[in-house]
Each structure stands twice: as C-alpha cells, then as structure tokens.
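*Asks:* FYI, the numbering for the sequence shown is 1 to 107, going by the UniProt record's numbering.
One or more of the hints may lead you astray.
[Said to hold, decoys possible] DSBU-like mimics (lysine-lysine), calculated; alpha carbons at most 30 Å apart, straight line:
| id | residue 1 | residue 2 |
| --- | --- | --- |
| 1 | K55 | K8 |
| 2 | K44 | K55 |
| 3 | K82 | K67 |
| 4 | K34 | K67 |
| 5 | K82 | K44 |
| 6 | K8 | K34 |
| 7 | K8 | K67 |
| 8 | K44 | K8 |
| 9 | K55 | K67 |
| 10 | K34 | K44 |
[Said to hold, decoys possible] Restraint ranges, calculated between C-beta atoms of paired labels, are given here:
| id | residue 1 | residue 2 | range |
| --- | --- | --- | --- |
| 11 | E5 | S97 | 33 to 39 Å |
| 12 | R14 | Y90 | 37 to 43 Å |
| 13 | D40 | R89 | 23 to 29 Å |
By construction, these hints were calculated from the structure, which means they are not laboratory data.
Nothing here was measured: the structure is a model prediction, and the numbers come from that model.
Cβ atoms here follow ideal geometry from the backbone N, Cα and C, with glycine treated the same way.
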Amino acid sequence: MEAMEVYKDMLRSRIFPNCHTYTVLMEFLVGTGKCEEALDIFFKMQEQIGMQPPKAACNILIGKACKFSETSFIVRILQYMKESGIVLRYPVFLETSETPESRRRKG
Numbered sequence: 001m002e003a004m005e006v007y008k009d010m011l012r013s014r015i016f017p018n019c020h021t022y023t024v025l026m027e028f029l030v031g032t033g034k035c036e037e038a039l040d041i042f043f044k045m046q047e048q049i050g051m052q053p054p055k056a057a058c059n060i061l062i063g064k065a066c067k068f069s070e071t072s073f074i075v076r077i078l079q080y081m082k083e084s085g086i087v088l089r090y091p092v093f094l095e096t097s098e099t100p101e102s103r104r105r106k107g
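Based on the provided sequences and hints, a complete structural model is requested.
*Replies:* Below is the structure:
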C-alpha cells in the first residue's frame, strides 16, 4: 500500500498522525518526486491541524529535495523556516548551496 493510502486510511479511521508520521510521509513523497503532495501536507499540517513542522522535518525535506533539484519546493520550505525562526543544519546548507551540475559530477 502506498504511503498516501495509509495516510488517508488513518484519517478515515479518525487516527490522527503525529509529527513523526507526517515527516516520514513527506520524506517518502519528496523521495518519489511528489513534492507538490508533500507541500500540501506540509501546509495542511499547520492550517488544519495546528501542528508546526519541526526543524528536523524541514531539514530532512530540504536534504531529500536537493537530490532531485526541486528548487521551488526548497524555496517554499526555506521561506517557512525563515518566517518561523528555524535554522538550517550546516550539512543541509552545504547541500542546498551546491549546483545540480556539481552534484552530478560527484556521482
């Protein structure tokens, strides 16, 4: 069963995900190239449930998105982090500062 199906089943059963569940789901979505779906969940988490994505989730999502050069996704998460006073971890910062071309050369 795909991650989104599990998520939808949880909601239908009135089982509400915690921060860890949301982070794992968003990480899976970004890792499979479904960044828009991950962003939807990222913002629904805040708007509908009132749960703020933790610093770890932001860093994980940005790190994963860097591997796919998902620039618009990265910018949206960085904007959220700036507005929320969340600091990007240094290794993730280094990943975001690399160009897609330099990442390809590294292999």
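*Asks:* Do the alpha carbons of K8 and K34 lie within 30 Å of each other, as the hint requires?
*Replies:* holds, 16 Å
*Asks:* Range hint 37 to 43 Å: satisfied by the CB atoms of R14 and Y90?
*Replies:* holds, 40 Å
*Asks:* K82 and K67: Cα distance at most 30 Å?
*Replies:* Status holds; Cα separation ~22 Å.
*Asks:* K34 and K67 were given as a pair; does the straight-line alpha-carbon distance stay at or below 30 Å?
*Replies:* The hint holds at about 13 Å.
*Asks:* Holds or violated: the 33 to 39 Å window for the beta-carbon distance between E5 and S97?
*Replies:* Holds: the Cβ-Cβ distance is about 36 Å, inside 33 to 39 Å.
*Asks:* Hint check: K34 vs K44, CA-CA at most 30 Å. Holds or violated?
*Replies:* Judged against 30 Å, a Cα distance of about 16 Å means the pair holds.
*Asks:* Determine whether the Cβ-Cβ distance between D40 and R89 falls within the hinted range of 23 to 29 Å.
*Replies:* holds, 24 Å
*Asks:* Would you check the hint for K55 and K8, treating anything up to 30 Å between C-alpha atoms as holding?
*Replies:* holds, 25 Å
*Asks:* Can the restraint linking K82 and K44 be considered satisfied, given a maximum Cα separation of 30 Å?
*Replies:* Given that 30 Å is the threshold and the Cα spacing comes to 19 Å, the pair holds.
*Asks:* Regarding the pair K44 and K8, is the alpha-carbon distance no greater than 30 Å?
*Replies:* holds, 13 Å
*Asks:* Given the hint that K55 pairs with K67, test it: the Cα-Cα distance must not exceed 30 Å.
*Replies:* holds, 19 Å
*Asks:* Straight-line Cα separation of K8 and K67 no greater than 30 Å?
*Replies:* holds, 27 Å
No hint from the list above goes unmet by this structure.
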